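Per the numbering used here, residue 8 is the first one in the sequence shown, and the count goes up by one each step.
By construction, these hints were calculated from the structure, which means they are not laboratory data. Treat the hints loosely; a few may be bogus.
[To be verified] Calculated pairs, DSS-like style, for lysine-lysine (alpha carbon to alpha carbon, straight line, at most 27 Å):
{"no.": "1", "residue 1": "150", "residue 2": "135"}
{"no.": "2", "residue 1": "164", "residue 2": "118"}
{"no.": "3", "residue 1": "22", "residue 2": "114"}
{"no.": "4", "residue 1": "135", "residue 2": "121"}
{"no.": "5", "residue 1": "114", "residue 2": "135"}
{"no.": "6", "residue 1": "121", "residue 2": "150"}
Since the structure is predicted, the reported quantities are computational estimates derived from the model, not experimental observations.
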Amino acid sequence: SSSVTDLTNYSNFDKEAYKYTFSRTADWQGPINYFRNLPLGDTSVLREEGPKQSIPVEALLLVGNMDPEVSLELVSQSAEYVDRFAMQIVNGAGHNPHQEQANVVNKHITKFIKVPDITEEANSDLPKARQALINSYTAPVGKMYNSSANIVNTSIKLVQQHLQHTY
8 SSSVTDLTNY SNFDKEAYKY TFSRTADWQG PINYFRNLPL GDTSVLREEG PKQSIPVEAL
68 LLVGNMDPEV SLELVSQSAE YVDRFAMQIV NGAGHNPHQE QANVVNKHIT KFIKVPDITE
128 EANSDLPKAR QALINSYTAP VGKMYNSSAN IVNTSIKLVQ QHLQHTY
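Turn these sequences into a full structure, and let the hints guide you.
This is the structure in structure tokens:
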């Protein structure tokens, strides 16, 4: 059984980063204040008042098959609140599949957000949430590619000019 406390899942770098991150008590003030301000005592959000409204997003729920906290009832209730809902069960994982089976989780996420052709025409039928997600991933790569292409093209022109003057 794999769990978050099974340290064989983590590299030495991960362990050192974890120890460093949580060794600095002053850095805990922000996250603790965040949780202090949450209305955790307010259960009014749990009462059903009127028809449920669907949120126009796509959601992927990754659930470990050994997670004692998540039931099929919870999964089905979650699906009622979004336009498109997908669930993947991660074998061998408990409540933290993203840490316990990181490679499997990454494959599920990649498959969920991947689109075969990311041109404007191909994406015009996609929901806005997915289009925004795809753009957020592809825009930096496109900028880097264009920047690299410009550098290469400029370098080629300079070499050609140098060769013309040399010969």
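**OP:** Any hints from earlier that this structure breaks? Give me their numbers in increasing order, please.
**Re:** Those not satisfied come down to hint 2.
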